[in-house]
Every structure is written in structure tokens, then in C-alpha cells.
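Construct all of the structure, not just a fragment, from the sequences and the given hints.
Protein chains: 2
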Amino acid sequence: MSDLAVLQGKYDEAKAKNLALDMTRGKPGSEQLDLSLPMLDLVTSSDYKTIAGGDSRNYGGLDGIPEAKELFKEFLETESTNEVIVGGNSSLTLMHDTIARCISHGNSSSSTAWGKLEKVKFLCPSPGYDRHFSICEHFGIEMVPVDMIEGGPDMDQIEALVAADDSIKGIWVVPKYGNPTGTSVSDEVVDRLAKMSTAAADFRIFWDNAYTVHHLSDDVDVIKNLFAECKSAGNPDRVFVFGSTSKITFAGSGISGIGASESNINWMKGHLSMSTIGPDKINQVRHMRFFKNFAGLQDHMKKHAALIKPKFDIVISILEAQLGGKSLASWTNPKGGYFISLDTNNGCAKRVVQLASDAGVKLTAAGATFPYKNDPKDRNIRLAPTLPSVEEIKLAMEVVCLCVELADAEKNA
Amino acid sequence: MSDLAVLQGKYDEAKAKNLALDMTRGKPGSEQLDLSLPMLDLVTSSDYKTIAGGDSRNYGGLDGIPEAKELFKEFLETESTNEVIVGGNSSLTLMHDTIARCISHGNSSSSTAWGKLEKVKFLCPSPGYDRHFSICEHFGIEMVPVDMIEGGPDMDQIEALVAADDSIKGIWVVPKYGNPTGTSVSDEVVDRLAKMSTAAADFRIFWDNAYTVHHLSDDVDVIKNLFAECKSAGNPDRVFVFGSTSKITFAGSGISGIGASESNINWMKGHLSMSTIGPDKINQVRHMRFFKNFAGLQDHMKKHAALIKPKFDIVISILEAQLGGKSLASWTNPKGGYFISLDTNNGCAKRVVQLASDAGVKLTAAGATFPYKNDPKDRNIRLAPTLPSVEEIKLAMEVVCLCVELADAEKNA
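Here the protein sequences come in this chain order: W and B.
My numbering numbers the first residue of the first sequence as 1 and each following residue consecutively.
My numbering numbers the first residue of the second sequence as 414 and each following residue consecutively.
A hint or two may mislead.
Unchecked claim - For the chain B half of the interface with chain W, some residues (derived, Cβ under 8 Å), not all of them:
no.: 1; residue: GLU444
no.: 2; residue: LEU446
no.: 3; residue: TYR461
no.: 4; residue: TYR472
no.: 5; residue: ASN495
no.: 6; residue: GLY501
no.: 7; residue: ASN502
no.: 8; residue: PHE552
no.: 9; residue: PHE663
no.: 10; residue: ALA664
no.: 11; residue: GLY691
no.: 12; residue: ASN746
In short, the hints are calculated from the structure, not lab data.
All C-beta atoms in this analysis are idealised placements derived from N, C-alpha and C, irrespective of residue type, glycine included.
Here you go:
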């Protein structure tokens, strides 16, 4: 019997198990959400005020309550609370709205609203976060892929592109434990991003620090402070830093924040004053009572790590056991974040995802991690191990590995 | 001594009291916020699920939890929960974002994004809500004032304008207990809005039903269901209905909703899927446990009425006592809402607000209730009695009435 026939036989057996497993979404597991349950008891009918005694219930406070601004100052690594806005339950909304405002009005360095320009482009280090790419596509922003290499996005490509083309208005970066590669940017990448010359005066770095405290163990990545470096380089307005507690407390009921220069923050406040009379301050009080301060938030993350580290470990150990040394695939072994990135040989990813799906294992669509859903080498697959149980992951990954072997064998048959 | 000198003397006496009173803002008073405090105890670490047992803590549920959609179906008077989205803490955000999306993409009936058109105009019944006008100004939408008359905006003007000009893309209406006049629209206005011919195929009515349950007593205004009439007239996509619990539970921590045709709702969901992974569902659970259903919400509003009716009464009684029969001013006596609208004789409003301010009584800036902050007759003053105490209102209104007399006397001197 040929190798292909053997693999096909194994696959048919797996398929017969009628599995229904899902490794598509970067959602916290239920036991992770349980970690923050005590927070729900910390604001009550008799106790709901801010530390300073402010009434959190009424309108007002466009940029958040003082203690939440203090927390996000540390979380987003700004120098001052004047460089912070604390918002509602979603940093995705902050990012989307920032782009939307640049499109309709331009930003604080623009002479023209982006929507009035013939063409607007964004650099998209790839593979990357699909929702960043969706926002660009939604607003008609042309996406220019940039390779992800060791230490982050390829700065040689970036520097050449932004220097030459004033229609390139921004770049998306997930600087730490990036989605999906788990890569953290090097000091050199930070320095070069801060210092590079951009043809567009209103160029902005969208620094989505989604996983900044999401370590898997005590062996953590530390990245250089881009905002500080931008200031030193004379480009203080270049960067917007985003973060939220969505994967720290409750995914749907967290608080989010943006860090940027005072000029950028004032620009943002001007826009916010058109669209809201302030964020949900009671929920900010709830969060601050739970964390007390940034050290409290960091301690809390250790509990998350204890829950999800075994899930990452089982993925890696099955990949090593089933695919190690076979030249069929490579994969990341991140120190934090929410994903493991699996690269098959070229031209196999779509087929693997299809085979897995047919066998009852849902994976993120192949291509989703690239602009326009187009992975030019058709090789990247994003694995999201946080939501399923360890036992489910084990079953799912055995199928995934088998599908990698089968797809490769099919291709070479 | 002349009348003017007598009034000037009285005014100087009032000024010497060094008052510091504020009747500018439509904010709930602290005792109103207290009414909803029990809500804060209804979601706890051991009890946070939806009625159906859904986990309210994670991502998902773009359009809200099922029971909140049921509530807003009744609240916004749609036929089905498929015609409802329940969002975050602010209907202002829903309104702003709807306009922003029309500007960047057009709506579900548009052939062109509004931002790509040479000119976009909105009809603005005036006096009206300043934040509606700010949104228009922010997006470069030309505002066309329409007179507010008995029974709502002047339909003769509106019908003629929308039939003739396809750059008129929408109209703002606060249909019940309007801001600031307290006027509720007549059945005829609803019928004519539903049936009128509009040159623009993508014309939209922004029906800001901010005060739909905000009655001051059992003598309530009932308005005809515009959404149902639009459907009957074959114009189901014409209207977006907005509402929130901001002035029902907590002004900063309520929940908001939009009601519209399924076509409009699907359009909106498509946009929302770009900008959020869902609203704060835990806060929706909290609200639903507090209200249980729409009848519960309506009962709750009676407690608000009991608190604020005396505040409205004292404003009216002082106006009547000090200005009644003097041909110096007219004022509304609304059955609900948040405002009393005071019309001085022409050319006096700015002076009254200035005089009052100098005597320590802050009023909403004259002109704020008109597009471009321009009250062509300089006569409208918006009085907001909910936040101050009855005693403060009494002091403030005595000053206001004196200022009306003085400003008029100055003008005729």
C-alpha cells in the first residue's frame, strides 16, 4: 500500500469519529472568564464611586475615570495620563473609529481627509490579524503586504516603501506575541519605526498591543517602548497604541484604551465629543477595584497563563510528535499571546483546512491571516488553542497533523 | 425712577447674592440615578447568565442578548426582534456612527457614498437638539432649518424641500417631548413623513425617540408608530428609530438600541462587524434583570416622574408668576421630556443668557438649539430643570425672569 493510501485510510478512520471541534477563534475559555468573576461583586448599590468620590453613574468624563487612566498609562506605557483615553469594551472599536476619522477628516497632521485622496495605502505585515485587514478593505484602503521575519516586520521593505510613497498612510503592527505568529518585535524594529522618514506627514503606526501582558510563563518578551522612541526621534505623533482588557477580564465587557501624544489625544477627544458623552464609567470602577493597579493586573495574568499554557504545550507536543523531522511543516512556539502559527509546505494550507473541516475540526480559513484573504504561498494556518479543552485540542491536533501529511502526500502523488 | 432703573436695581441685588446655579444640561439628578442602584446588585459572580443560559461574558452577539432585543422591540416599537440592534451605552454613538457610515459608504438605498457627493443636506426642525446639529456640522452636512409649529415640524416646508432636492438626505426628529420644545408630533406629521415623496432614494429619518417613556404624569402623549406607517406606505427603509436607557437607568452606563427594517439592520450589522465583536452583554443582563420587561421599565419611569415633576412645576409657576400677562415671553409646558423652552421677544435671548450668567445662573447658550448656533430671531432659551434641586431652580428662575424683564426693558429704552 502506498503512503498516500495509508494516510487516506487513517484519515477515513478519523472522519468516522464524527468529531465536532473548533480551533478557529481567539476566544478565552470559560475557566479563564471565571478568573474575573469576583469583579462582578465589587460594585454594588451602596458602593460605586471613583477613588476620588466621583459619581460614576452620570454623563461625563470623555477620557475615562482618573484611576483607569492611571492604569492605562502604565499598561500602554505613556508618560502621562494626558496621553491616554480609556474607552468602552473594545479596542477594535477604537482602531476602527480612528481609521474612520482619518478617512472622513484626516488626522492631526493631515492637510486632506484620507477619503478625499485618490489612493490610501496601509502596510500590512503578514501573516497578521484578519480584522485589521477587514477594516482596511472596508474603507477602500489598499493593503501592501510586508513580510514577517525574525524580529518582526521586514524593516528594509518598510523603510523603502514609506520613504517613496506618500499615499502610504499607516501600518498595522501587533508588537508582542503577534497574531498569528507569536513574534515580538526587536529593539531594532522599534528604533527604525520611530526614526524612519515617511513621505506622508500624517503617517500613523497602529500599534495594537493586544497581548502585551499575555505571557505564557515567567519567560517573557520585553519590547522597547515605541511611543518613547518616537518622541525621542522627533516623531511624537507617529503612533497610536491600543490595548484592552478583553482577554484579561471579560471578552465582551472589558475596558479599552488608546495611548498617544497629547496632540493626537486632543484630536481624538474632539471627535469623541461628537459621538459620545463618555464611556461606561461604572465598569471602569469595577475594573479598578478588581486590579487596584497595574501590578494587580499583571498578577492576574499569571492565572491566565496557568490555564492556557498546557493548551499551547499539547499543540506543540503533538506537532513535534507527528510532524517533527518530516519536512512537512514548521510552527511557532510563542512565549505568549493567543495563537500558534503553522506553516505547511507551499500550496497545502487550503487543502489542510478543508480536510480538517470535513473530519469535523474547524480551523481559521486558510488565507485569513493575509490581506484580501490571499496567502500567496498558501501555507499559513492559524491555530487558536485557548477555547477548547486540552482533551479536545489533543483530538483536534491529531487530525490536523494527519491532514498536513495527507495534503502533502496528495500534492506529491 | 424708570422701569429700567427699577429692574437694574433688582438685578444688582440678585447679582450681589453671588449665586452659582446651573440649568444648562439635560442630566438626571442624583436622586434619579439612585432609583436604579438596585440594578448594580443583580449580576454577581455566581449569577450572570442570560435567561436562556447564555454566557454573557465572552465575545459575540453583535446585536445584543435575546431578552434585551425583546425589550427594545417594544421600546422602539418594531414588529420583530430582527428589526432591532441593542448596543452599548449611548444612542448618540449609534446616531453618529450611522451618519458616519452613510458618509463613508452610503446606506442600503444609496448608489453613492454621501461623502463622495458634492453636497449633502439635512433638514433640522428648529429649535432642536444641539448634538444632532453638531454631528451634521462635523461631517460637513449642510443644515436646512425647518420651523417647529404646533404638532411638530412644518410638514408643508418639509414636503416641498425633500421632493425638490435630492441632496437632502435626511431629517432629525425628536418625536415625543422634543428637545427643547417638549412638543410631540401629531398623527398627521407621522403620516406625511411616512408617505411623502423624496427626491433622494436614500433619504433617512433619524427618529430620536429619546423621551418616549419620559412622561411627567399620567397625562401622556401617544405618538403614532412611524416605522409601521413607513412600512404601510411602502417606505420601510426610510426610518431609523433610536433610544436608550441613559435617562432611565444610569446616564453613563445604560444600554441603547436602534430599530429599523431588516434591510437597514443587516446593513448596520455589516458595518458593526467591522468595528466590534459585540456590545457589553453583562450590562444588558443587568438591565433585563432590573426591568424584567417593558412594563417594568414603564413602571420605573413613574418614579422618575415623581422626582422631576415638581422641578418642572416650579419653573412653570415662577414663569407664570413673574412674566405672566406681560407680553415679554412665552414658554412650553410639556407633558414629558427634559426641557422647558422659553421664547423671549425677538432679539433678547443672548442678552438674557448673558445677564443670567453674570448673576451666577448658567443657562444653555442662546442659539445652541439652532443649526450653526444661529437663532435667527434670537429668542429661544432652553431650560433644563432635572439636575438642580427645587430650591436651586426657584432661585435660578427668579433671576432668569428678572433678566427677561431687564433685557426687554434695555431693548426698549
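Consistency of the hints with the structure:
no.: 1; hint: GLU444; verdict: violated, 11 Å
no.: 2; hint: LEU446; verdict: holds, 4 Å
no.: 3; hint: TYR461; verdict: holds, 6 Å
no.: 4; hint: TYR472; verdict: holds, 4 Å
no.: 5; hint: ASN495; verdict: violated, 21 Å
no.: 6; hint: GLY501; verdict: holds, 6 Å
no.: 7; hint: ASN502; verdict: holds, 5 Å
no.: 8; hint: PHE552; verdict: holds, 7 Å
no.: 9; hint: PHE663; verdict: holds, 4 Å
no.: 10; hint: ALA664; verdict: holds, 4 Å
no.: 11; hint: GLY691; verdict: holds, 5 Å
no.: 12; hint: ASN746; verdict: violated, 26 Å
Figure legend: structure checked against the earlier numbered hints; hints not met, in rising order: 1, 5 and 12.
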